[in-house]
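Kindly produce the complete structure, drawing on both the sequences and the hints.
Line order of the protein sequences matches chains Y and R.
Per my numbering, numbering of the first sequence is gapless, rising by one per residue and ending at 778.
Per my numbering, numbering of the second sequence is gapless, rising by one per residue and ending at 211.
In short, the hints are calculated from the structure, not lab data.
All C-beta atoms in this analysis are idealised placements derived from N, C-alpha and C, irrespective of residue type, glycine included.
Hints may contain errors.
Unchecked claim - Computed footprint of chain Y on chain R; a stretch qualifies when at least three of its residues, placed anywhere within it, have a C-beta under 8 Å from a C-beta of chain Y: (1) 100–106; (2) 118–127; (3) 143–150; (4) 153–160.
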Amino acid sequence: MGIEGMTEIRCPMCGKENPPELEVCEFCGARLKPMDLSSQGAGEPEGRPKDSGDEPRESTPDWLARIRAQAEDESDREPETQSREDEPESPPQERGGTGGLLDRLGSYQPEEAPGPAAESRGRDLPEATMPESRDRADRDWRDQLEGAAAETGEAGLEGASREVPDWLKSFAEDSEGLEAEEVPPWLARIRAQQRRALQAEEEEAKEAAAGADEDWWEQAMQAEEGPSHDPEEPTPISPEPPDVPFEDTGALERDLAETADSPAFEFPESDLPREQVEGMPGAEPAQFPEAEEADLLPDEPAKPEETPAPEIEVGPFAESPPVEPMIPEGIQEEEPQEELPSTPPLILEGDESDEEEEIEDIDLGSIDLPQWLGELQDIQDSELEEEGAGQVDLEPAKLPSWLEAKRPLETIRPTAEVEPEEGQVVETSGPLAGLRGALSAEPIVAMPRHPTIGGKSLDISERQYARAEILQRMISEESEEVEATRRRRVAVPILRWIVSALLFFAVLVPVLYKGQIFAIPTRWPQELAPLVTMVEALPNDRPMLFVVDYDPGSAGEMERLAGPLLDHAILRGMPVVTLSSRPSGPALSEHLLSALNVPERLDHGDGYYDLGYLAGGQTGVHLFAASPRQAALRGFRPSGEESAASPWSTQILSDVEKLSDFAAVVVLSSGTESARNWVEQTGSRLGTRPLVMVLTTGISPVVRPYYEAQQPQVDGFLAGLRSAVTYEQVLGGSGMASRLWDAYGGGMWVAIGALSVGVAYGVAALALEGRRRGLGNA
Amino acid sequence: MRLGIHWIWAGIAGLAGGLVLLGYFVDFELMSQVQLSLMEVTALLASGALLLGLVNLVSVHIRKVGDQESDWPYSAVLVLTLLFTLVVGVGLGPDSGFMLAVFNSIQLPVEASLMALLSVTLIISGFRLLQRRSGWGSLVFVATVLIVLMVSAPWPGGDQGLLGELRAWLRAEIVQVLAVGGARGILIGVALGAIATGARVLLAVERPYGD
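Pasting the structure below:
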């Protein structure tokens with residue numbers, strides 16, 4: 001279309017101003033001057049293959065000649081329409097006839113769809129970004145088209161395309177009036193896009209109309225008039241276009257116009273083969289080089305959600321299947337050879353969308369696939385739907401901060417960084433040869449790593465270990481079975497209290513009672529008479545040694561036992577010397593002497609003397625028996641008298657050199673060991689001096705064998721309170737022993753009574769138990 | 001056979017024991033002097049051992065007090081009283097009036113009371129014996145105790161009469177025959193044990209002084 005006379009040409013694609021001499025937009029590469037292919041029949045562009053469609057273009061049919069003539073007449077009659085035709089932003093409603101219809105068909109192509117579809121319109125991709133090979137092919141192709149346009153001039157189907165019906169003219173005028181009014185920006189943008197698309201499609205339609213084959217057009221018309229097809233149903237593709245004669249172009253145009261205006265019209269999917277559809281004049285959106293790539297893939301039908309109906313005024317043709325544009329055969333053959341090398345071997349994330357869109361742009365339904373391949377395609381579609389339905393938008397898992405802190409560094413795998421496409425290596429061998437960015441297994445698999453399981457021992461501090469111990473102890477204590485603690489019953493020792501009270505009462509009452517409860521024994525013990533006789537026979541010029549070897553607990557009994565004998569010795573005028581092989585002996589000696597009023601009756605050092613403690617136990621006894629002066633070096637002097645003098649220098653001990661120098665040795669013992677020690681260690685040292693044992697009732701059986709032997713080692717024996725009481729009776733008075741006789745008797749009988757009750761109770765219990773057993777056995 | 005140092009100690013112990021034992025059987029002056037000398041050393045060592053025992057006792061109870069072991073207050077009382085009596089005894093002398101008063105006012109009544117409690121405990125034990133451990137042995141034991149007590153206890157009527165004669169006879173038979181027979185057996189056993197132990201020590205079979 002010639003636009004001479006104007007200073008600048010506005011690019012129909014990008015809307016920018018270009019110098020009038022340019023054929024192609026310097027910004028987007030879109031063609032500025034529409035190519036009139038109506039004159040292609042007169043002359044072929046250079047370089048065009050001569051074996052493809054030469055014959056139809058050289059012999060112009062009659063119907064085409066009529067259309068051209070009519071178009072020339074109308075162009076002369078309607079200059080205003082032509083000027084509007086030159087306006088790039090003119091709405092599609094301005095166009096009439098077949099060209100307007102085809103423009104509208106092209107306008108419903110997915111405009112917003114990026115990628116090849118957008119490139120086909122030359123809007124988004126500038127020429128500088130095109131690959132060099134593609135650019136070279138496009139330029140050749142453009143040169144051919146420019147040459148053809150120069151030969152054909154402005155004649156052709158332009159005039160025919162400007163045939164606009166009256167009703168459409170009024171609608172276009174209304175649209176112009178609306179545009180003059182103030183429109184919102186969003187609506188202006190939509191309309192601008194719509195105009196650009198329509199303009200591009202208009203030019204394509206013009207070119208297609210010029211180069212359309214008569215047979216193809218007739219077939220397309222027949223397809224439109226035929227029964228409607230399911231849009232989902234794939235269109236069979238026949239290998240060769242059918243040879244259908246074209247009959248009436250005017251009637252066809254009228255039918256198309258009526259069909260397009262009908263709101264309930266649904267564009268039927270053509271049953272024509274793919275090659276025929278591509279050869280349709282109106283199906284070729286543009287002859288720009290950018291459109292070649294898009295034309296290889298069928299355009300995706302316009303989606304309602306992508307192009308809102310109220311804004312774009314999507315007509316019924318939006319649902320129409322894509323119509324393959326007519327592309328010169330030479331270009332069609334060259335494109336696959338040039339496009340395949342440029343296909344990226346590795347599809348990255350950013351390219352996946354393009355690839356998917358390309359895949360989506362391919363109308364698989366229009367391809368006649370074999371039956372087995374169609375079934376496979378159905379299965380894949382169903383699987384994809386299931387995967388899509390099963391996908392859940394899950395948020396990536398995140399480790400807690402404390403767990404992330406404890407995570408060993410070795411377990412953190414290095415993040416695989418995807419290199420840009422330029423930096424990716426092209427696979428050179430194997431089935432993936434030629435692919436770029438194929439994942440190489442070696443860097444990850446062969447990467448040396450530390451084992452993440454059980455490779456290290458737990459490194460904990462002492463404090464943590466102590467806490468772990470406490471925790472483990474707590475857990476173990478919780479798991480342990482706790483024995484039920486028996487609640488200790490507060491038992492009142494009634495029996496003890498009763499027995500104690502009875503004993504106390506039995507002992508206390510006789511002491512308080514002045515009378516005699518129990519009769520004084522009149523029967524002398526067997527050993528008492530020899531003892532009394534022996535004491536009477538002792539010389540009174542020699543001291544009598546009293547060995548105090550009893551415990552303080554036995555003092556009460558021992559003092560009563562020793563009392564009569566000591567009194568007997570004092571009565572006879574014998575000096576009394578005390579000695580003890582026990583540490584508490586000297587004090588007990590003093591207590592004994594005090595109990596018998598010896599200090600009041602005798603002078604210390606003259607009538608009595610305490611040699612004190614004899615250390616060494618059995619050895620000390622032996623030493624004392626061997627050499628009294630060397631064994632006892634210091635006497636017990638409670639009054640402080642004769643502190644500096646040796647005990648052996650006193651009058652009472654001055655004549656004592658050895659053990660036999662004592663008149664007699666009287667051992668007061670409450671224990672068997674001390675009694676035996678004195679018997680065993682002094683036997684040979686006493687000579688003819690008697691050894692007298694004054695013992696408690698408890699140990700008397702142990703010592704009595706020494707007394708009752710054929711060669712007795714003990715010459716005198718006095719044991720028990722009964723003997724002491726009897727001894728006192730012999731001495732003719734009542735001493736301490738006699739005063740305890742009633743208390744002693746009372747205590748004994750309480751004990752006898754308690755034991756008797758206990759025995760009776762036990763015997764009864766045994767009898768009852770035996771009776772129960774007897775009854776049970778019976 | 002390796003000659004160790006323990007044989008030296010064994011030789012010394014055997015020699016000393018043999019000399020002391022020989023002094024009992026040999027009436028020889030030199031032998032008696034040697035025996036007495038050895039026994040004096042023994043007595044001296046026994047006194048030192050008593051002192052060491054006293055120190056050990058104090059240290060054990062002081063540790064118990066420091067570690068707050070069970071019944072540590074009793075240990076504290078023991079240590080305090082021991083130190084008190086030790087200081088007073090060393091200062092004033094064991095035969096001082098204060099020490100005698102302490103003994104007569106504390107130690108003597110306490111031990112006498114313990115002896116009195118022993119009598120109560122024995123009575124209650126005899127009372128419960130058949131209930132806790134029923135059997136013929138227990139019955140015989142308790143019956144013997146009752147008999148001995150009855151024949152030993154003063155009777156209100158005295159020892160006169162046939163009953164008195166019977167009690168005297170029973171008492172003599174039980175205390176002077178049965179009990180003495182048992183005691184003799186005990187004494188013979190003790191003597192045999194002492195002879196065996198002495199022989200083992202003299203022959204260095206048993207070494208209480210250590211290896």
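Checked hints:
{"no.": "1", "hint": "100–106", "verdict": "holds (count 3)"}
{"no.": "2", "hint": "118–127", "verdict": "holds (count 7)"}
{"no.": "3", "hint": "143–150", "verdict": "holds (count 5)"}
{"no.": "4", "hint": "153–160", "verdict": "holds (count 8)"}
Checked against the numbered hints given earlier, the structure satisfies every one of them.
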